[in-house]
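J.: Please work from the sequences and hints to get the whole structure.
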Amino acid sequence: MTLWAREFRGFYRQPARVGAGLATPLIFWVALGSGFGSSLRTQSGGGYMEFFFPGAVALVVLFASIFSNISIIEDRREGFLLSVLVAPVSRSAMALGKILGATTIGAVQGLFFLPLIPLLGLPLNAMGLPEAGALVLAMAFGLTGLGFFFAWRLNSIQGFHSIMNVVLMPMWLLAGSLFPIDGASLWMSWLMRLNPLFYGVTGLRRALSPTPVTSGPDQATCWVVLLAFCAATFGIAVWEASRRSPENAS
Amino acid sequence: MSAPAVEVRDLTFRYGDRVALNGVSFAVGQGEIFGLLGPNGGGKTTLFRILSTLLSPAAGQARIFGLDVSAEPLEVRRRIGVVFQNQSLDRRLSVQENLECQGRLYGLTGAALKDRIGDALARTKLTDRRGDKVDTLSGGLRRRVELAKGLLHQPQLLLLDEPSTGVDPAVRLDFWEHLQRLRSESGATILLTTHLLEEADKCDRLAILDRGSIVATGTPAELKEGIGGDVITLTAPDLEAVRESLAARLGVSGQVVDGAVRFEHPRGAEAVAGLMHALPTSVQSISVAKPTLEDVFIAATGRSFGEDEAPAA
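Residue numbers (the working numbering), protein chains in the order written: chain A, 1 to 250; chain B, 251 to 563.
Just so you know, the hints here were simulated from the structure itself, not pulled from any lab data. Fair warning: there could be bad hints in the mix.
[Claimed, not checked] Some, not all, of what chain B presents toward chain A, calculated at C-beta under 7 Å:
#1 S302
#2 L324
#3 R327
#4 L355
#5 L358
#6 L496
The structure displayed is predicted, hence computed values, not measured ones. Idealized CB from N, CA, C, for every residue including glycine.
T.: Right, here's the structure in full:
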């Protein structure tokens, strides 16, 4: 997949992006985790750093998805996108190449984060790592698909950023990343249940934790919702890219 | 002879309420250099986008080598090479890398890809520039890289949108030489859009597109002959009066365009003497000229070519 390779190469030619993509969640995690850690205790008795970890991984993936999709807007501006659109490649293959490229970047970054758990002396369920990896991949795919959809519709990077702030950041905040669903008010807990990312973060937490996680939906539900999310976002991404609308032709 | 390279029938397209194309029909034979001439906003770019499968027509049909652009976009895309008005190169990559990326999109790999790149570079005389970053190339060289990119998969039909926009005359001339050589060497069909009359003059055949409709088709020579002789242009303080007296005394129907009264006459030079007597003395100048494509446009639309144009951006 040419587009996959291009995405990847473009990314690693920008070391600042690699660094920032990893550093921001790390700063979030350490600052928020240790800051809240002293004042909050989770019911399971684990430290807040431990609780917050899956949320931090989700944030890495989220950032990667946002930044990768900005390249769609840049490609459109530079005219490169048009020459891809007239190539004999179906729009679904094109969207898949682009999304997989961004997914790989997001997932690799997310996976880089995982070894930090033992390094910081936090408890880890090593047996859960493969599942955790798969969950990270699925989250990356779903979020990238969503980002693709928005990036395709918008023609300015500023507009894309504001959409990201209004849609993706709240999604992350309400994913059980910062606080458990048990402590949330009723309406908040419903919002969280409607949020696909909530199932990803919960699934990831359960996969990584050495002690059973009882809060939130069970693991099978997490997987089903997350995969449905992937399918749905990929669907809307392809649908959006396939429309032969005037906006798609410029 | 197989299907025409391009066949467009009753093509219509709207942007919301605005009609961009209104029942456009024409055909381009294989091996022709065909020009779509029209003022900006005339519908050229819309037509170009439909032919390059980026837009679907609201009504009517567009076929490329017999293939419907709406029904079989992938098959059509395999046969066309598209060179856009704006640059479509990745400026951070070298010429070679840009072509490699393009080639893979067309399913070319390994040795075949290498051969094609070598061939496209040779055709556009860019071989010694293959390692250069696009960023460092001049505007003219970039246009040639665009052309090489469009030629890479050896398309049977090359579509060019305003190839001369933003390009200085020397580059334009050079680019045309490349196009003509390409046509004679590989027999490819070339369709281009332009708003430059001198560029349209170089095409084998033309369709003049104005306000979404085709107002004339033919070779540049045929179109000019269609005018009927010479074009006579009169200037005067009161153009309307001149036009009326032309109609009353000589039975000629003139048009007021661009600050002058103009009409066609089979033998312009001979007519001038008669005009001097017949017309009011207020006439300031009379000129006789062989018709140009601009005259063709005026005769067909009653407006001068530049009249609709938006102020230069």
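J.: Find the hints from earlier in the document that the structure breaks and name them by number, from lowest to highest.
T.: Violated hints (numbers, rising): 5, 6; every other hint is consistent with the structure.
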